[in-house]
Amino acid sequence: MIVAEQKSLEELKTLIGDAHKVLVVGCGTCVTVCFAGGEREAAIVSSSLRMTSTLEGRPREIHDVTVQRQCEWEYLDQIAEQIADADLVLSLACGIGVQAIAEHFPKTWVVPGLNTSFLGLPREQGVWVERCAACGDCILGLTGGICPIARCSKSLLNGPCGGSEDGHCEIDPEVDCAWQLIYDRLTAMGKTQVLYNIQPIKNWRTSRDGGPRKIVRPDLRLASEQEE
Amino acid sequence: MYLKSLLKDIGLEPDRVQMYHISSAQAAQFAQAATEMNEKITSLGPNPLRMPKNPIQDNEPSNE
Numbered sequence: 000m001i002v003a004e005q006k007s008l009e010e011l012k013t014l015i016g017d018a019h020k021v022l023v024v025g026c027g028t029c030v031t032v033c034f035a036g037g038e039r040e041a042a043i044v045s046s047s048l049r050m051t052s053t054l055e056g057r058p059r060e061i062h063d064v065t066v067q068r069q070c071e072w073e074y075l076d077q078i079a080e081q082i083a084d085a086d087l088v089l090s091l092a093c094g095i096g097v098q099a100i101a102e103h104f105p106k107t108w109v110v111p112g113l114n115t116s117f118l119g120l121p122r123e124q125g126v127w128v129e130r131c132a133a134c135g136d137c138i139l140g141l142t143g144g145i146c147p148i149a150r151c152s153k154s155l156l157n158g159p160c161g162g163s164e165d166g167h168c169e170i171d172p173e174v175d176c177a178w179q180l181i182y183d184r185l186t187a188m189g190k191t192q193v194l195y196n197i198q199p200i201k202n203w204r205t206s207r208d209g210g211p212r213k214i215v216r217p218d219l220r221l222a223s224e225q226e227e
Numbered sequence: 000m001y002l003k004s005l006l007k008d009i010g011l012e013p014d015r016v017q018m019y020h021i022s023s024a025q026a027a028q029f030a031q032a033a034t035e036m037n038e039k040i041t042s043l044g045p046n047p048l049r050m051p052k053n054p055i056q057d058n059e060p061s062n063e
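Protein chains in written order, with numbering that gives the first Met the number 0: chain X, 0 to 227; chain G, 0 to 63.
Possibly wrong hints are sitting among the right ones.
Stated by the list, open to error - So the derived list for chain X, only partly shown, Cβ under 10 Å to chain G, looks like this:
hint	residue
1	I43
2	L48
3	Q77
As the list claims (entries may be wrong) - Here are the simulated BS3-like pairs of lysine-lysine, each with C-alpha atoms no more than 30 Å apart in a straight line:
hint	chain 1	residue 1	chain 2	residue 2
4	G	K7	X	K106
5	G	K7	X	K6
6	X	K106	X	K6
7	G	K39	X	K20
8	X	K12	G	K7
9	X	K153	G	K39
10	G	K3	X	K20
11	G	K39	G	K7
Because the hints were derived from the structure by calculation, they are not lab data.
From the three backbone atoms N, C-alpha and C, an ideal C-beta is built for every residue, glycine too.
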């Protein structure tokens, strides 16, 4: 899932500036489960901004609404009227949702309420850790289900570097050495022979390094939207 | 407490909220907590949100 964190109230106030009528938009998927921008968080942000605006002597009209997913047009269409009604939209979705609102409502000024950080999972309640780098060429089948691109600080492909110490990475003693984890797992499953297949230099063109990416599925496209 | 830091960010005194762990059998402690909280709140004064610097122009309820 996408993991994000809310910006400070101070920063939100700066982003809102002089706008008098603000719509705070929450999202019901990833940012709900990392407790950053769901319905409850949208209501709390909305209320906090109302209170702080009143205390500063500049009362504002702040409403909040949450959609199931902010990254798909159909869900945004449901709140089109409320968006048109606002001076400014404060989106509590990940960066994708913020941009979806901006793209779908070009006359609306949208600002982000979160810092979108990484793709990861909740290792335990309250702790989210990065697991995927979205490199576009998944090699998890070769590493026992542990990703060296996302979890190795150097994204190495053929084993640990000299900085691996006691199973931890040299950049931070609390960060596991991904290759130690991979080796341990393959050993436990009796599949260490996989490590003898030396991986060549990675083709990073499928990753962010190749520029903004796009996936087209001709089998799913609507006939009316297909290019000639 | 998370709520205290939230109130501080908003601009209200964090001491306006306090959590006490008291069981229903601890009447004396409850009374003491109520007295203590009452004194604290009285010294802090009324909720500033009920006395805005500028009157609110729109129809939003001001009981936040």
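Outcome of the hint check:
1. For I43 (chain X), the interface hint holds, the least distance from its beta-carbon to any beta-carbon of chain G being 8 Å, beneath 10 Å.
2. The restraint placing L48 (chain X) at the interface with chain G holds, with a minimum CB-CB distance near 9 Å, inside the 10 Å limit.
3. For Q77 (chain X), the interface hint is violated, since its Cβ never comes within 10 Å of a Cβ in chain G; the closest pair sits about 24 Å apart.
4. Our distance criterion of 30 Å between C-alpha atoms is broken by K7 (chain G) and K106 (chain X), whose separation comes to about 35 Å.
5. For the given pair, K7 (chain G) sits about 15 Å from K6 (chain X) by alpha-carbon distance, which is consistent with the 30 Å threshold.
6. Straight-line distance between C-alpha atoms of K106 (chain X) and K6 (chain X) comes to about 24 Å, which keeps the hinted pair within the 30 Å bound.
7. As the CA atoms of K39 (chain G) and K20 (chain X) are separated by approximately 35 Å, the hinted pair breaks the 30 Å bound.
8. With a C-alpha separation of about 14 Å, the suggested pairing of K12 (chain X) with K7 (chain G) holds against the 30 Å cut-off.
9. Between K153 (chain X) and K39 (chain G) the CA atoms are separated by roughly 54 Å; this puts the pair beyond 30 Å, and the hint is violated.
10. Under the criterion of a C-alpha separation no larger than 30 Å, the hint pairing K3 (chain G) with K20 (chain X) is consistent with the structure, at around 27 Å.
11. Taking the CA atoms of K39 (chain G) and K7 (chain G), the gap is near 16 Å; set against the 30 Å cutoff, the hint holds.
Consistency with the previously given hints fails for numbers 3, 4, 7, 9, ordered from lowest to highest.
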